[in-house]
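Here's the letter readout for the chains.
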Amino acid sequence: MTYESLVYGFVFLPLCLAAYQIVPQRWRRRVLLVFSYLFFWLISRNLIVYLLGTTVFVHCIGIWLEWLKSEQKTELASADRSEKKKIKGIYQQKSRRVLAFGVLALLGILAYLKYYNFFVSNVTGILGNVLPFTLEQKKILMPIGISFYTLQAIGYMADVYWGKIRAEGKLEKTALFLAFFPQIMEGPICRYSDTSDTLYEGRPLNMDNLTSGYIRIFWGLFKKKVIADRLAIAVGMIFSNYTSYSGVVIAAGAIAYTIQLYMEFSGCMDIIIGSGELFGIRLPENFRQPFCAQSAAEFWRRWHISLGTWFKTYIFYPVSMSSPVKKWNQYGRKHLGKYITMLGTSAIALFPVWICNGLWHGARWSYIFYGMYYFTLILLGIAVEPVRDRILNTFHISDQSVWLKFVRIAKTWVIIFAGELFFRADGLRAGISMFRSIFTDFDLNALTDGSLFNLGLGRADMIAIAVGCVVVAVVGSVKERGTDVRKSLFRRPVFVRWALCYALMLAVIVVSAYGDGYQTIDMIYAGF
Amino acid sequence: MKKKKRIILFLLIFVLLMGTCSAGIQIVAKNINGSVSGRSRVFASVSAEKKHTIDLLVAGDSESYTSVSPMDLWDKTGIAAYDCGQPGQRIQETYYVLKTAFRTQSPKMVLLETNTMFRDPGFLKNLQMSLTEPLSYYFPIFKFHNAWKALFDGPGILQNAYKGFEIRNKVVSYEGDEEYMKETKDKTDIPEVVRIYMEKIRNLCRKNGAELVLMSAPSPKNYDYKKHNALEEYAKEKDLPYIDLNLKYRDIGIDWKKDSYDKGDHLNILGARKVTDYMGKYLQDNYGLPDRRGDDGWKDWHELARQYFEELKKKI
Amino acid sequence: MEKLMNILMEIDDSIDYENEKALIDGRLLDSFGVITLVSELEDAYDIEIEASEMIPDNFNSAEAIYKMVLRLQEN
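Chains as they are written, first to last, in numbering that gives the first Met the number 0: chain A, 0 to 527; chain B, 0 to 315; chain C, 0 to 74.
It is worth saying that the hints were derived from the structure and are not from the lab. One thing to keep in mind: the hints can contain errors.
Claimed, not checked - Pairs of lysine-lysine, DSS-like flavour, derived with a Cα cap of 27 Å:
| # | chain 1 | residue 1 | chain 2 | residue 2 |
| --- | --- | --- | --- | --- |
| 1 | C | 66 | A | 72 |
| 2 | C | 2 | A | 337 |
| 3 | C | 66 | A | 311 |
| 4 | A | 326 | C | 2 |
| 5 | A | 478 | C | 20 |
| 6 | C | 66 | A | 85 |
| 7 | A | 486 | B | 4 |
| 8 | C | 66 | A | 87 |
| 9 | B | 2 | A | 486 |
| 10 | C | 66 | A | 68 |
| 11 | A | 325 | C | 66 |
| 12 | A | 84 | C | 66 |
| 13 | B | 3 | A | 486 |
| 14 | B | 75 | B | 247 |
| 15 | A | 325 | C | 2 |
Turn these sequences into a full structure, and let the hints steer you where they fit.
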């Protein structure tokens, strides 16, 4: 059962909504938990033990950390000034160890499930003849959503450690935080403080939430089923037979894949966030018109936001504020100047972020390359900033000028498309060879000789994609101007409002890529 | 309260809208047959048949429409048959294909190929099929929605089909054990979902005055004695006639070297004609299905049969 | 407070720190700006700012930053 399926939207959700509404308020979160586990079990069956184990473990670590804090407080209360520092030191070390234990345990499980085979294949590839023993590849089944709930769990423990939140006392609450069914498969990766208030409250259903939630779900279905699942056909063809296409088609494939990925991932997010909204639960947004970004760094603040935020909070800041980096900072500013210091700090803090970003997507060299690609580009962006400012100053170009904005957006698009080409390519070698072919085999004839029409998409499919993209772009530009699309929709007269709703629903039912000639396309991010 | 009323009104209008669209698309699907392809085609094509002209419906998965050739049956016995199977048909689809056919046809008999009866895609898929199939039965827009593409892609090519049958002349021999029906006491399980839908199919046939007959087509790849036992038992329990052609393939004259389309999975045209001959005699001997060859309402069947034998001559 | 203003001006002198209430939320200060600010603050006030302090609320205005500094000095 995936989020875009009929069973999810029109059996599972309504059943859950009904059960949620019937029971008294204080039981509602239990209903959500039961349905969440049911959802998980229907997809991953026995692998649910991983989730259950993680939940209990994380819950205990949280309580342990909280207990250390209260112990520290009682001891501090009776200590005099000179002892206070010592006590603090002791407790800080203790809780740091507990946190490290918790984080390493979770990362260990994730690493084993996700990276074991990758590790083995690389080790045997390099050291195969030297090793006295052989490592076997194993068939490892990964529970759904592990990459997402593990990050949430780590974030939760760190937040308790930092004292940003109090540890959750009720196991069922921790469990629901990690397992909440709309976001278990694909995120958004929530922080405890993001969701905890609305998630546990058990507010009664109301018509406004239901209507606007379902509108958002249909909007997501539109993106996924009308656009993404169609593009998937052509993209699959190009990327699996890349040697037989010329550079122009490859470039078109990179663009098509980027659009597919966006429509698919952000479409699923709409369904997910819409599902939460039905219950009055607010999940954090994961996309903010990423194609309006003017730089690679900004792109990542608009694309898969929750992942970026997670890395920033739990890797970037801790690294950049760790004592070695601080020392480097001090040393650098005294001896090397601001610019070099800044660049050094950025490199040290950004490297782990982007290596993790690459690895998080899966154990493949092409993903690591993808991470390093953005690392390099973002660092480069920081490096050239002063130069760029100087150039702009000499030529008296305003930083805000419109054409400059467009140039920047166009530049960012090229960066994104190239990045996604490597991301999707079947291995790093394929990615490099495809990328190269764009420059060596660029034959514009491919645009006119009809080879773009031989990618499994008919004229009607192309029109559906084009119109769909225009609709999404228009809605996106309205949002970018700061208008809440659904709210402004609700202000229109009934006739307009209903007509638009019917149009959206009919478009999903009639134009979607399902039934004859189409196949169900699995959600891409559920595989990470 | 006002809000609730509004929602109900909204949904009512939506259902009306879907109904209208469905009616519209039904007409489109009937008239430009070629715009409906794949699994849904049989729904459109069986609806497009002239009313009350079909006396025998052959249902099931690919085993069904590769085993019975209506044109041969027509030529030999005058029985007006139609193949309404689909590749990998699921039991839910079987039910709704039949239901769709019964809307415009009044067959005397439904011949159900039994391979469908062992298909169990799992709980979720079953649930989904049990939802989508009735939905698209009542609102054909779900089934034929892709017909909008004909506006841009053209009406498509209508494949030559002889009442649901196509001539498959490829030969890929079956080289395996010819004694694949080894007697045993074991039984294959018939999935629960199949039992539920078989019950519905039985009721549907009873209500429409059609006799339901079970048939297992010869296929070493798909059948063994365990399935035979299960079907035998099921048929006895439900008081349904059951013919297992796997036990009779020698009488029918099947030569696994020549009559198989794909290594003993499906029959090719040679095998299909032999099975059709056999079944024709069996039906004539046991059931009083009418001979329509002289009737006025069936004149175009002669023309189709002529085309069929012409193509046959070219292909074999 | 004046010391703080000087530090802030050094990082970016185009911002109206007196009145700005959304330095982070309005993306006037990016993450590198914040990091530079943090190390400057640590030097200037002899405090230690931990990663857990890195929340928008602590950096959204000059006043908020000042409050955080005072709080950390007390500890």
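We went through each hint and held it up to the structure:
1. C:66 to A:72: 23 Å, holds
2. C:2 to A:337: 20 Å, holds
3. C:66 to A:311: 24 Å, holds
4. A:326 to C:2: 22 Å, holds
5. A:478 to C:20: 24 Å, holds
6. C:66 to A:85: Between residue 66 of chain C and residue 85 of chain A the Cα gap is close to 26 Å, so the pair holds against 27 Å.
7. A:486 to B:4: The given pair, whose Cα atoms are some 21 Å apart, holds under the 27 Å limit.
8. C:66 to A:87: Roughly 22 Å separates the two Cα atoms, so the pair holds.
9. B:2 to A:486: 16 Å, holds
10. C:66 to A:68: Answer holds: residue 66 of chain C to residue 68 of chain A is near 23 Å, not above 27 Å.
11. A:325 to C:66: Holds, because 22 Å separates the two Cα atoms, which is no more than 27 Å.
12. A:84 to C:66: 22 Å, holds
13. B:3 to A:486: 19 Å, holds
14. B:75 to B:247: 20 Å, holds
15. A:325 to C:2: OK: residue 325 of chain A and residue 2 of chain C at ~21 Å, within 27 Å.
In the structure shown, no violation is registered for any of the earlier numbered hints.
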